[in-house]
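Peer 1: Here is how the chains run, residue by residue.
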Amino acid sequence: MKDKKREVNGLSRRKVLKGAAATAGAVAGSGGLGGFPTIWAQNIKDITLNHTGMSYSTLIDISRQASADLGFTVEMSVVDHAGLTNRMVQDPESIDVADSEIWQTKLFVPQGVTQAVDVSRISLWDKITPLYTQGMFAGKEVSRQGDSPYEIMYRESKDATSFAGGPTGWATFMPGVYNADTLGIRPDLVGRPIEKWGDLFSSEFAGKAAIQNIPTIGIMDAIMAAESAGEITYADKGNPTREEIDATINKLIELKNDGHWRALWNTFDESVNLMASGEVVIQSMWSPAVTAVRSQGIPCAYQPLTEGYRGWGNGIALMSHLDGLKLDAAYEYLNWYISGWVGGFIAKQGYYISVPETARSHLSDNEWGFFYGGEAATADIVSPTGQKTNSAGEMRDGGSYEERFANVAVWNNLMDEAAYLFPKWNEFNAA
Amino acid sequence: MKLSKATRYLQVAPLAILLFAFVVVPLSLVVVVSFYTYLHLIGIVPDFTLVNYIDVLSNLVNWKLYLSTLKFTFFTLAITLALGFWIAYFLVFHVRNILVAIGLFLVCTVPFWTSNIIRMISWKPLLGKYGLINQGLMSAGVVDEPVEWLLFSDFAVIVSYVHLYTLFMIVPIFNSMARIDKSLIEAAVNGGATRWGVVWHVILPLCKSGIALGSVFVVTLVMGDFFVVTVMSGGLSGSVTFGIFNDLKFLNYPRASANAVVLVIIVLIFAAGIMRLVDVRKELTR
Numbered sequence: 138m139k140d141k142k143r144e145v146n147g148l149s150r151r152k153v154l155k156g157a158a159a160t161a162g163a164v165a166g167s168g169g170l171g172g173f174p175t176i177w178a179q180n181i182k183d184i185t186l187n188h189t190g191m192s193y194s195t196l197i198d199i200s201r202q203a204s205a206d207l208g209f210t211v212e213m214s215v216v217d218h219a220g221l222t223n224r225m226v227q228d229p230e231s232i233d234v235a236d237s238e239i240w241q242t243k244l245f246v247p248q249g250v251t252q253a254v255d256v257s258r259i260s261l262w263d264k265i266t267p268l269y270t271q272g273m274f275a276g277k278e279v280s281r282q283g284d285s286p287y288e289i290m291y292r293e294s295k296d297a298t299s300f301a302g303g304p305t306g307w308a309t310f311m312p313g314v315y316n317a318d319t320l321g322i323r324p325d326l327v328g329r330p331i332e333k334w335g336d337l338f339s340s341e342f343a344g345k346a347a348i349q350n351i352p353t354i355g356i357m358d359a360i361m362a363a364e365s366a367g368e369i370t371y372a373d374k375g376n377p378t379r380e381e382i383d384a385t386i387n388k389l390i391e392l393k394n395d396g397h398w399r400a401l402w403n404t405f406d407e408s409v410n411l412m413a414s415g416e417v418v419i420q421s422m423w424s425p426a427v428t429a430v431r432s433q434g435i436p437c438a439y440q441p442l443t444e445g446y447r448g449w450g451n452g453i454a455l456m457s458h459l460d461g462l463k464l465d466a467a468y469e470y471l472n473w474y475i476s477g478w479v480g481g482f483i484a485k486q487g488y489y490i491s492v493p494e495t496a497r498s499h500l501s502d503n504e505w506g507f508f509y510g511g512e513a514a515t516a517d518i519v520s521p522t523g524q525k526t527n528s529a530g531e532m533r534d535g536g537s538y539e540e541r542f543a544n545v546a547v548w549n550n551l552m553d554e555a556a557y558l559f560p561k562w563n564e565f566n567a568a
Numbered sequence: 288m289k290l291s292k293a294t295r296y297l298q299v300a301p302l303a304i305l306l307f308a309f310v311v312v313p314l315s316l317v318v319v320v321s322f323y324t325y326l327h328l329i330g331i332v333p334d335f336t337l338v339n340y341i342d343v344l345s346n347l348v349n350w351k352l353y354l355s356t357l358k359f360t361f362f363t364l365a366i367t368l369a370l371g372f373w374i375a376y377f378l379v380f381h382v383r384n385i386l387v388a389i390g391l392f393l394v395c396t397v398p399f400w401t402s403n404i405i406r407m408i409s410w411k412p413l414l415g416k417y418g419l420i421n422q423g424l425m426s427a428g429v430v431d432e433p434v435e436w437l438l439f440s441d442f443a444v445i446v447s448y449v450h451l452y453t454l455f456m457i458v459p460i461f462n463s464m465a466r467i468d469k470s471l472i473e474a475a476v477n478g479g480a481t482r483w484g485v486v487w488h489v490i491l492p493l494c495k496s497g498i499a500l501g502s503v504f505v506v507t508l509v510m511g512d513f514f515v516v517t518v519m520s521g522g523l524s525g526s527v528t529f530g531i532f533n534d535l536k537f538l539n540y541p542r543a544s545a546n547a548v549v550l551v552i553i554v555l556i557f558a559a560g561i562m563r564l565v566d567v568r569k570e571l572t573r
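Respectively, the protein sequence lines represent chains F and R. Taking my numbering, the leading residue of the first sequence gets 138, the next gets one more, and so forth. Taking my numbering, the leading residue of the second sequence gets 288, the next gets one more, and so forth.
Think of the hints as simulated: they come from the structure by calculation, not from any bench. Hints may be right or wrong, so weigh each one.
Label pairs and their in silico Cβ distance ranges [what the hints assert, rightly or not]:
no., chain 1, residue 1, chain 2, residue 2, range
1, F, Pro-436, R, Leu-386, 50 to 58 Å
2, R, Asp-431, F, Pro-247, 54 to 62 Å
3, F, Gly-367, R, Ser-345, 40 to 48 Å
As a list, the in silico BS3-like pairs of lysine-lysine whose alpha-carbon atoms are at most 27 Å apart [what the hints assert, rightly or not]:
no., chain 1, residue 1, chain 2, residue 2
4, F, Lys-264, F, Lys-243
5, R, Lys-469, F, Lys-561
6, R, Lys-416, F, Lys-388
7, F, Lys-243, F, Lys-463
8, R, Lys-495, F, Lys-388
9, R, Lys-469, F, Lys-388
10, R, Lys-536, F, Lys-243
11, R, Lys-411, R, Lys-358
12, R, Lys-569, F, Lys-393
13, F, Lys-561, R, Lys-536
14, R, Lys-411, R, Lys-495
15, F, Lys-264, F, Lys-333
16, R, Lys-351, F, Lys-393
17, R, Lys-358, F, Lys-393
18, F, Lys-393, R, Lys-416
19, F, Lys-243, F, Lys-525
20, F, Lys-561, R, Lys-358
21, R, Lys-569, R, Lys-469
22, F, Lys-393, R, Lys-411
Backbone N, C-alpha and C fix where the C-beta goes; we use that ideal spot for every residue, glycine too.
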């Protein structure tokens, strides 16, 4: 059963081995990591490529490794979600490659500030997960609630300012890191098994629950919980109507007034502290935050729930102003990005890369089995910073890569009523 | 001595240039942007519209935020005023050795050797559900369950404000009290005034300027704050500045600017009111 699932996904053991062997061959052949650099120009070393994105994927370690492997400099600029779209549109020249979330493409593509990625120049394009490129996963159609990656994946031409209906040779961005999010819990303090999103609203956890104060994502957690708790039903959880938003915010306010929320967190660190201190036992959480709590030796689970996950994904877009050697360098960087090192590094944060099989060569068999295979760790698992996060014998919450992404219920999104949502969310804050 | 016109202009030039560059220019920009239109999640588009002001003033949420900010301002002002006055009173009139007084005064500033943020965050392990106070109360058997309103509450916000801003009250009051001629107090006592009478009829009126300046500091600091209120209330209480910050998160600079202009006007009204009650300029040149 398991093998069949893998075969369908194009990730059979044999194929993975073949991929690993090919990568190993390339390493041996070029004498360099993954065969980079592939472009040789006198002045390539003078090139500096600016990668701008959000804190969770715009990591200094990636730029260091890229600069070492590629022979030109990659620098990282960290901004928040709104900051990225703002800079892309208001000051496009200040960015070379933008590490954007799926829903953000709906804002910047119509503004014409990016050029589509020429698929033929991405050597591993065929290996990219069909989650992005075909809207399929493990042989099944991926949920279209919210902004699923496939819907924004293609454009008709390099400079098109709208999305194409199906696959073309021009991609909106090159798929990067992604994950399926769920609720974080303190298994030692919740006192019973947590199975539903609705448990976030459960009165048992009054004064011990928290939700993220980032409206676009916080509302999704609230919607998942409200539907699961049987409070509200939604026609499309990824695109609620004004009435549905009103009902959801009213529910959040009602809970707030009843003292249900211990806190609303704004930053990653706050979510870690709330959980680690035991102030909160169930809350919205991001995968690396769970890792951060666990690396303090405190039990924390990224709990799979029956309704499924809230998926999100990033991609790397090329800004319009790139041309000549700098554009070549940008393509070189995109190819490097999915060639394995990044995939291995971010796997330890709990994220996945668009070409999983290349990540394998940068993970030990134990790590690969743990992060992707859903298998019990055969030795301790350590975070990128060296702290132990899981002991031998433990399994990753939510099981294998396949089990996770086959269960994405809804995607992070820019809903049609987003402009209506924001002031409503302020009401929740002020209530 | 009569200064020439040029010399006088030259004398005010450094401060004037500074104020122009760092107050007038940025504030004018804020006013200009407050009339621009907002493009969803993209930012500003030059325009002349009153929509932002209509939004700010017609929104019930905003009124609530102003009310909440005023509440924090009132409580903080009352507590810091009481603390500040009596601490300054103690330092000036009860500590007989001037060196000891100055030493104690410096001790008040010790917390300021570290950052605002650290001073505020350090309340968390104390007030938390499993913090020191709750541990103490539980082991003393006073309570069975941890007291939850200590942290992530209005109480925690006010505690932090008082801790952070009391010194801004102590300094000006200390300054004006220290300049009170001790013979005035002797005269009052000789005239039969009680200890309270001296405080009420002599000392209090004579440190009005200090109280006014301290109040201006505290009012502007509390009304302009969003960080303390967000962190210490766990995001559960709002403030006007937090509303502005929320708008900035969605790049709605125009509405944020309009709200900022309204806030500046309200703070100015407060400051003007305090200054009207006490003619600080006259008091200082006394």
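Peer 1: Now tell me, hint by hint, if it's right for this structure.
Peer 2: Evaluation of the provided hints:
1. F/Pro-436 with R/Leu-386: 50 to 58 Å: holds (56 Å)
2. R/Asp-431 with F/Pro-247: 54 to 62 Å: holds (59 Å)
3. F/Gly-367 with R/Ser-345: 40 to 48 Å: Violated: the Cβ-Cβ distance is about 35 Å, outside 40 to 48 Å.
4. F/Lys-264 with F/Lys-243: holds (25 Å)
5. R/Lys-469 with F/Lys-561: Distance ~59 Å between R/Lys-469 and F/Lys-561 Cα, so the pair is violated.
6. R/Lys-416 with F/Lys-388: holds (25 Å)
7. F/Lys-243 with F/Lys-463: Cα-Cα ~26 Å, so holds.
8. R/Lys-495 with F/Lys-388: violated (49 Å)
9. R/Lys-469 with F/Lys-388: violated (63 Å)
10. R/Lys-536 with F/Lys-243: Satisfied, since the Cα-Cα distance of roughly 18 Å is no more than 27 Å.
11. R/Lys-411 with R/Lys-358: holds (22 Å)
12. R/Lys-569 with F/Lys-393: Not OK: R/Lys-569 and F/Lys-393 at ~50 Å, beyond 27 Å, violated.
13. F/Lys-561 with R/Lys-536: Cα-Cα ~14 Å, so holds.
14. R/Lys-411 with R/Lys-495: violated (35 Å)
15. F/Lys-264 with F/Lys-333: Violated - the C-alpha atoms of F/Lys-333 and F/Lys-264 are around 34 Å apart, more than 27 Å.
16. R/Lys-351 with F/Lys-393: Roughly 16 Å between the alpha carbons, so the hint for R/Lys-351 and F/Lys-393 holds.
17. R/Lys-358 with F/Lys-393: holds (20 Å)
18. F/Lys-393 with R/Lys-416: holds (18 Å)
19. F/Lys-243 with F/Lys-525: violated (39 Å)
20. F/Lys-561 with R/Lys-358: holds (23 Å)
21. R/Lys-569 with R/Lys-469: Measuring from Cα to Cα gives roughly 21 Å; hence the hint holds.
22. F/Lys-393 with R/Lys-411: holds (21 Å)
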